Amino acid sequence: MSESRAVISVSNLGKRFGRTIAVDDVSLEVREGEIFGLIGPNGAGKTTTMECVEGHRVPDRGTITVLGLDPRRDGTELRQRIGVQHQEAQLQKRIKVWEAVDLWSSLYARAVDGEALLERLGLEGKRNAWFMTLSGGQKQRLFIALALIHEPEVVFLDELTTGLDPQARRAIWGLVTGIRDRGATVFMTTHLMEEAERLCDRVAILEHGRLIEVGTPEELVRKHCPERSVVFTSDDADIAARLRAMPAVLEATSEGAMHTIRGQGDDFVTDVINAVAREGIRVRGFRTEIPTLEDVFLKLTGHRVRD
Amino acid sequence: MPSRILNGLWKLTWVEAKIFAREPMGLVGTLFMPVVVFVLLGRAFAPAKLVGPPHPPGASASALEGLPFNLAILSALVIAINAAQSLIAIMSIYREGGILKRLRATPLSPVTILGAHVVLKLAFTTISLTLLVLAGRRLFPGVIQVNVLSFGAAVLLGTLSILSLGFVLASLVPTPRFAQLIGAAAFYPMLALSGLFFPFDRLPLAFRTIAFVLPTTHAVALLQGVWDSSGWMAHWVNAAMLLALFGAYSALSTKVFRWE
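From first to last, the protein sequence lines are chains A and B. Take the first sequence: its position 41, counting from 1, is numbered 43 in the numbering used here, and each next residue is one higher. Take the second sequence: its position 158, counting from 1, is numbered 163 in the numbering used here, and each next residue is one higher.
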């Protein structure tokens with residue numbers, strides 16, 4: 003995947019609203035067939051960046067191409083080839099699900115079978131329901147349906163699961179990976195690090211309108227947070243002392259029966275397991291703590307995403 | 006390509022019509038309210054005095070019996086203003102809910118998205134006006150002499166012009182809560198200046214100048230002309246002004262209309 007062609011290229015994008023700099027010199031590429039995530043806290047400039055790429059906002063500076071087209075100049079052609087879902091969007095309260103799908107499918111040069119799409123998204127039982135009666139998860143699934151009705155090559159998803167309960171969120175995640183598996187490219191934003199980690203092939207971290215890092219979630223974790231911890235539950239009181247001598251160990255602490263060994267390197271966990279086996283230490287419980295994108299964000303910005 | 010645009014306009018108009026029909030209060034208010042007002046006021050006064058022309062050439066308003074204004078024209082204007090107020094409310098609700106923004110992300114052109122509402126409002130105006138005419142014929146048999154088609158065409162032209170002003174006003178409405186207020190604050194003074202209640206030439210010059218760029222004024226003059234059977238030719242200036250104002254307000258709203 004890493005050598006696929008770029009379907010979205012953004013260079014030196016800048017956008018301000020009054021005195022507020024929303025996007026500051028952002029450059030990035032999204033490759034064909036990947037799920038690319040813009041991540042960062044609310045107000046970081048994710049939505050503004052995405053809306054400039056979709057052609058809904060006019061940037062102050064920079065150039066953007068999507069599928070080889072200029073989103074502003076070639077907007078009409080581009081809208082036939084991209085699908086969008088907006089953050090916190092609504093439809094007419096009393097529009098029926100099938101009416102929305104039918105209306106949308108009439109607007110595009112080619113459209114998939116709406117009924118089959120509703121079935122694929124688990125909405126076939128709701129086709130006659132008014133929009134206002136749908137649950138949050140059903141509304142988002144309908145928006146996904148509207149974004150996919152014309153088999154777009156690139157799909158834009160802005161904070162797709164914000165406000166959904168964990169179960170609905172997981173169901174939506176399955177649909178998003180399905181979009182990629184059918185060959186489309188997904189450009190999404192999220193402030194949920196778990197979501198980015200689960201879904202995105204690559205992420206770009208945005209903070210105060212600036213892009214501070216791009217890469218796969220694993221790359222970013224390995225680069226910025228190489229440390230990991232192994233936590234044992236054991237009655238062996240000197241377990242920490244015995245493992246502290248290992249070369250990769252940075253710190254070993256004990257709190258009652260709980261012993262935390264912190265170290266770094268890809269082989270760290272294996273080395274600890276081998277050492278425990280070699281030393282014949284009896285262990286009642288064992289878990290590893292591997293840093294996440296949340297930790298990467300904290301390391302890079304000095305604060306948590308939710309702060 | 007043009008066939009897809011027409012198809013999109015038709016589909017969107019039809020969907021919006023169905024949605025509007027599902028809102029019981031909106032439907033009843035739009036279609037029947039002006040007719041109810043007309044019937045109630047009509048009942049309260051003697052029929053023969055009701056619909057006489059208020060200012061026939063050479064006669065002063067005080068010389069007339071009955072109501073000092075033409076109730077049929079007032080009712081028609083209420084229909085048009087209702088349509089514009091409903092338009093402002095819908096635009097503010099759609100904007101706040103991100104519906105306008107979502108529609109703009111489709112291949113629909115901005116003109117089609119807004120045009121669907123204009124088509125719909127004109128259709129509802131026609132229905133409401135038909136109800137008004139039927140009620141008038143039943144309540145005041147033989148009294149209404151006006152050419153209904155000509156009157157209807159004048160109402161539609163006036164409504165079109167008032168709706169275009171509605172789009173400009175819709176961009177001033179911050180949230181749906183203000184829609185009714187701003188609509189009423191704009192349209193009722195316009196009605197007062199329209200020449201329906203006081204003869205236009207008795208207004209102070211400043212008011213006359215303002216009234217000249219308001220569609221209500223020209224709608225009233227045209228409708229009175231049609232009512233008096235002096236006809237469109239005698240009031241071509243008013244008809245032309247309604248078209249010109251439609252063009253001007255439409256052009257202005259392409260600049261000031263807010264989609265989000």
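Everything labelled a hint here was simulated from the structure, so no lab data went into it. Just so it is clear, the structure is predicted and the values come from calculations on it, not from any experiment. Any given hint could turn out to be false.
[Stated by the list, open to error] Which stretches of chain A does chain B cover? Using the computed rule of at least three CB atoms under 8 Å from a CB of chain B, they are:
1) 74-88
2) 91-97
[As the list claims (entries may be wrong)] Calculated pairs, SDA-like style, for lysine to any residue (alpha carbon to alpha carbon, straight line, at most 25 Å):
3) A:Lys98 to B:Leu36
4) A:Lys141 to B:Pro181
5) A:Lys225 to A:Leu300
6) B:Lys260 to A:Asp76
7) A:Lys95 to B:Arg207
8) A:Lys95 to B:Trp19
The beta carbon of each residue, even a glycine, is placed where N, CA and C say it ideally should be.
Any hints from earlier that this structure breaks? Give me their numbers in increasing order, please. Of the numbered hints given earlier, the structure breaks just one, which is hint 7.
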